[in-house]
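Chain by chain, the residues run as shown.
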Amino acid sequence: MATTRVLEWLGRLYVWLLLAFLYVPIIIMALMSFNVSPFYQLPFEWTTEWYASLWQNDQLISATWNSVEIAVITTIICVLLGSAASLALYRYEFRGKKFLQVLLFPPIAIPWLITGTAMLIFFFGVGIGRGLFAILLGHVALALPYVIVVVSARLQTFAPELEEAARSLGANQWQVTNRVTLPWIMPGVIAGGLFAFAVSFDQFVVSYFLSTPGQTTLPVEIYAAIRKGFTPEINAVSTIIIVVSMALMLLTARFFKFGGEK
Amino acid sequence: MAVQVAAASRSEPSSALPLLAPAYLWLTVAIFLPLSAMVFFSFMTDLPLSGKPWAFTLENYAAFFSQSLYLTLLVASLRLGLEVTLWCIFIGYPAAYVLAKVLKGRSREAIFLLVILPFWSNGLVRIFSWAMVLREGGILDTALNAVLPFKINIDLMYSYPAVIIGLVHSYVPYMVLTCYLTLQAIDDSLIEAGRSLGASRLQVLKRVIIPLSMPGLVAGAALIFVPVVGSFMEPRILGGRTGTFYGTVIEDQFVAVFNWPLGAALSFILLAVVLVILAVASPVLRRAT
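Sequences listed follow chains A and B, in order.
Count the first sequence with numbering that gives the first Met the number 0 and you get residues 0 to 261, in order.
Count the second sequence with numbering that gives the first Met the number 0 and you get residues 0 to 288, in order.
Since the hints were made in silico from the structure, they are not lab data.
Check the hints yourself; a few may be wrong.
Where chain A lies over chain B, by a calculated footprint (3+ residues, C-beta under 8 angstroms) [stated by the list, open to error]:
1) 37–46
2) 117–126
3) 231–244
4) 270–279
Not everything, but these chain A residues come out facing chain B in the computed CB check (under 10 angstroms) [stated by the list, open to error]:
5) Tyr50
6) Trp54
7) Lys96
From the three backbone atoms N, C-alpha and C, an ideal C-beta is built for every residue, glycine too.
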């Protein structure tokens with residue numbers, strides 16, 4: 000029994016080491032955004048000047064707004080289209096349904112480098128070109144499968160007898176959906192929406208290929224800045240991004256258990 | 000299954016169409032048509048835009064096979080994918096095991112959430128954070144020099160190990176997630192039975208736990224290997240001049256050299272390789288479901 004306890008203790012220690020590996024770089028990056036030295040020199044002296052100078056950076060601010068706008072629109076479209084599709088996949092039995100479900104995997108499984116360059120070629124070829132609209136088209140397509148998967152998972156826990164009961168009590172199809180099914184799947188819909196927001200807000204690769212100098216998103220702008228050289232301003236904006244996305248995921252976790260204990 | 004049949008019998012399949020059409024139309028326009036277009040363009044001499052003359056050609060594929068550079072880089076990328084995947088298994092699997100079988104209740108939930116939290120936060124920013132740690136005069140350098148009595152220079156930045164570290168950091172949560180899900184499903188009584196029948200811990204691990212969690216391992220490996228082979232931003236930022244891989248060459252064709260047809264051909268070859276790998280992995284995955 001003593002060995003078991005030692006092993007368990009080692010296991011716990013190990014997990015904490017993994018957490019350190021995951022978080023220490025991020026914490027250091029965040030700390031450096033509050034350090035005076037533009038060359039990240041120690042000793043550490045507290046300042047918020049890098050955050051202040053972000054406000055002067057019009058290019059960054061406009062890219063941030065683009066990112067937020069695209070993420071919000073992506074979320075709305077994905078929630079509407081994704082929930083509708085999930086409902087159809089849940090309710091109806093038809094030929095080719097399996098195929099439609101399989102079609103959700105390419106957007107998730109194919110490396111974004113391939114999807115991104117393919118979109119660039121195609122959008123250019125058909126005259127959509129690059130820019131914010133193209134980025135939006137791409138983001139929705141990338142996020143949609145996640146929403147369908149998450150909402151479908153929630154629908155699996157739904158008892159169809161409830162719909163049956165509502166119908167037998169005289170509710171029409173619209174009322175059944177609106178009053179019975181939708182309230183039940185709402186946690187899944189909210190989680191799916193937050194996923195969609197995160198996919199879009201953090202998306203770099205596809206946006207990178209589809210953006211133009213004036214019409215770009217925050218991660219693309221940051222990549223351009225990183226390649227010019229590291230500055231504490233990049234740390235500041237990165238810190239803001241990481242805090243926002245982690246807060247979003249914590250929110251998502253409240254609505255959707257990641258396949259953990261049922 | 001019985002439930003779904005009941006559902007089918009009471010509904011008209013035709014009413015599924017208006018619910019499905021918008022989502023799948025969108026996926027067609029933004030994913031499936033572009034992928035088909037990419038295949039088409041990869042056989043062209045030039046893009047049929049702005050009146051430039053173009054013709055069908057196999058030149059772009061010939062370039063891949065005749066210039067050893069591309070093949071070498073593809074092999075380098077596959078090796079990178081393999082190394083990162085193996086590191087993720089070594090690091091992630093034990094953590095998934097501890098989460099699934101040692102930790103209980105709230106602490107398990109909290110730590111699980113902490114492990115997968117970075118997984119959805121910005122990948123670019125996390126790679127940048129490693130640049131802070133690894134560069135000369137960075138934190139790792141400073142910390143080690145403060146502890147060690149002699150002066151050493153840790154300059155991992157712009158090297159192959161830096162790329163590996165950054166990618167493992169980015170992808171290890173996938174492995175923890177997929178392995179945790181399969182490990183958690185293993186009935187504890189199976190492990191106890193093995194132990195009480197006289198098997199050592201190692202034997203139980205080898206004969207019971209690892210075989211039963213194989214689908215999670217394979218799923219995690221596929222989820223990691225595929226994007227790593229196509230990575231270009233991570234090698235660019237952390238690898239510097241040593242960070243030339245297959246992905247960065249594709250990126251160059253689209254943003255620097257502007258040889259889109261060649262880029263399309265290189266992308267399509269990568270897609271083919273990826274599909275073959277997923278096809279190989281899928282029997283193991285299907286056995287799980």
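Hints numbered earlier in the text: which of these fail when held up against the supplied structure? 5 and 6
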